[in-house]
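Q: 371 is the number that full-length UniProt numbering gives to position 371 of the sequence shown; each next residue is one higher, with no gaps.
Hints are computed from structural coordinates only; laboratory data are not their basis.
Among the clues, some could well be false.
[As the list claims (entries may be wrong)] 25 Å max Cα-Cα, derived DSS-like pairs, lysine-lysine:
(1) K235 / K221
(2) K353 / K441
(3) K353 / K15
(4) K17 / K217
(5) K239 / K15
(6) K216 / K322
(7) K15 / K307
(8) K235 / K322
(9) K322 / K239
(10) K17 / K239
(11) K322 / K442
(12) K307 / K442
(13) K83 / K221
[Said to hold, decoys possible] Each pair of labels, with its calculated beta carbon distance range:
(14) D309 / E348: 17 to 23 Å
(15) I210 / L445: 57 to 63 Å
(16) G101 / L171: 19 to 25 Å
(17) F411 / K217: 57 to 63 Å
(18) I61 / P403: 20 to 26 Å
(19) Y185 / P220: 37 to 43 Å
(20) A266 / Q440: 38 to 44 Å
(21) S407 / G101: 42 to 48 Å
(22) D84 / T262: 30 to 36 Å
(23) F346 / S267: 17 to 23 Å
Ideal Cβ placement from N, Cα and C applies to all residues, glycine included.
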Amino acid sequence: MMLLKTDIKQSIIQKFKNLFLPILIEQVFMMLIMNVNVFLISSVNDQAIALTGLTDQIIAIGQLLLGIVSLGSTILFLQNADKDHLDYIRKIFQQSLLLNGLLSLLIILVFAIFGRHLLQLINSPANLIETGNIYLQLLGWSLLPLGISSSVNALLRSYGKVRAAMYASILNTLIVVSGNAFVVYTHLLDNAVIGIGIATLIMRCLGVFISLLILKKYLPKIFELKWSFHLEDLKISSKILRLGIPSAMENVFYNISQLLITAGIASLGVVSLSSRIYTQTITAIIFTVSVAAGQSSQILIGKAIRKEDMDQGTATGRSTVKAFFSLSVILNVIIALLGPLLIQIFTEDEAIKQTVTILLWLSIFYDPFRASNEILIANLNVVGDVRYPVIVGVLTTYLFTVPVSLSLIYFFNQGLIAVWFVFIIDEALRAAIFYRRWTQKKWLLSSNLT
Numbered sequence: 001m002m003l004l005k006t007d008i009k010q011s012i013i014q015k016f017k018n019l020f021l022p023i024l025i026e027q028v029f030m031m032l033i034m035n036v037n038v039f040l041i042s043s044v045n046d047q048a049i050a051l052t053g054l055t056d057q058i059i060a061i062g063q064l065l066l067g068i069v070s071l072g073s074t075i076l077f078l079q080n081a082d083k084d085h086l087d088y089i090r091k092i093f094q095q096s097l098l099l100n101g102l103l104s105l106l107i108i109l110v111f112a113i114f115g116r117h118l119l120q121l122i123n124s125p126a127n128l129i130e131t132g133n134i135y136l137q138l139l140g141w142s143l144l145p146l147g148i149s150s151s152v153n154a155l156l157r158s159y160g161k162v163r164a165a166m167y168a169s170i171l172n173t174l175i176v177v178s179g180n181a182f183v184v185y186t187h188l189l190d191n192a193v194i195g196i197g198i199a200t201l202i203m204r205c206l207g208v209f210i211s212l213l214i215l216k217k218y219l220p221k222i223f224e225l226k227w228s229f230h231l232e233d234l235k236i237s238s239k240i241l242r243l244g245i246p247s248a249m250e251n252v253f254y255n256i257s258q259l260l261i262t263a264g265i266a267s268l269g270v271v272s273l274s275s276r277i278y279t280q281t282i283t284a285i286i287f288t289v290s291v292a293a294g295q296s297s298q299i300l301i302g303k304a305i306r307k308e309d310m311d312q313g314t315a316t317g318r319s320t321v322k323a324f325f326s327l328s329v330i331l332n333v334i335i336a337l338l339g340p341l342l343i344q345i346f347t348e349d350e351a352i353k354q355t356v357t358i359l360l361w362l363s364i365f366y367d368p369f370r371a372s373n374e375i376l377i378a379n380l381n382v383v384g385d386v387r388y389p390v391i392v393g394v395l396t397t398y399l400f401t402v403p404v405s406l407s408l409i410y411f412f413n414q415g416l417i418a419v420w421f422v423f424i425i426d427e428a429l430r431a432a433i434f435y436r437r438w439t440q441k442k443w444l445l446s447s448n449l450t
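Put together the whole structure using the sequences plus the hints.
A: In structure tokens form, the structure reads like this:
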């Protein structure tokens, strides 16, 4: 009996590795390649990077809206990805494309009507408004192919085709960056920012074509879309939105809280703000690892759920959290030890160096809990328990983290290090709550599986 359990455990570990490594490679590659894209834009001039940075804040709102469809359809894909549900999977994919299209058109319409007002609202320089508006319209249209590519990748991952999803994602990103590089270095257009917008739109459309070809190769039966519409299909759209909206709102609330806290940190001066940015940049790899772990865990839990093996799903989620909590501690210790060398890459300012060094050591307590939360929330989402993480996140963030952080800054004259302690308590508290809910299977009471 013990031998059988050991064999099963080894099998799960091997399956996890097979899923985790391609997803991790994809995440790391995406992180690096996007930094290359920032470098390309910055090589035009400082105004270009400022303009695209401001416009990207507005585009991020559109991406969050499309994230509703992506998150909702991903959960349904993971719960139904087997041979017995091919027709249902086709309908989910069809409805996800339809919702992506409708949401994209709505976003495009809003950008067309209110684009200039939105740019003025975020204090864009007056001389950049016209160019910024054109760039915003172009990137708005590019959200449609981006949404379709996201649905394709979610479908591939749900069937365990993580290498195929990796190829699709990396190729899409490389194509966009190559297009931007071509525009920037050939000086094809006088206005490089508009050229980048046009290149992004064209290359993302090309990327959709590549993604669909990959889907046809790896999942040919699902690619055979039979485009039909019945009123019953609206129930699928309703499910996608019901699962996706809470998950997306969690990101919205988190981004707002970070904006408020960042404003407080900015009031402390350049040293504090720069120290936070450099610390987050140096430790970004740990969050990237946790995202890959969360996606891998979701796939295995989804398979267990389809077999109605809740115990196996729970055990997989629990083991993943424990393993990556430990891995995160080890990675953080290594990064903290290398901190003095890593910081020199970014700055020579002694005050910033000292602050970042302290924050890197404190991150040994911060990042493991943050990684655990990323994995636990991914696990809860895949079983359909999407509201609970949002409720807990909003309560802890807006009743504790934001008010305490801002109070320490504005009323008690404390600095960034004190705020970091608040971050640690927040992440640890949520990790404890989510871990208890997961291991005690309380998610069964509010998931869409019962």
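Q: Please name the hints from earlier in the document that this structure breaks, with their numbers sorted from lowest to highest.
A: 2, 3, 5, 6, 8, 9, 10, 14, 15, 22
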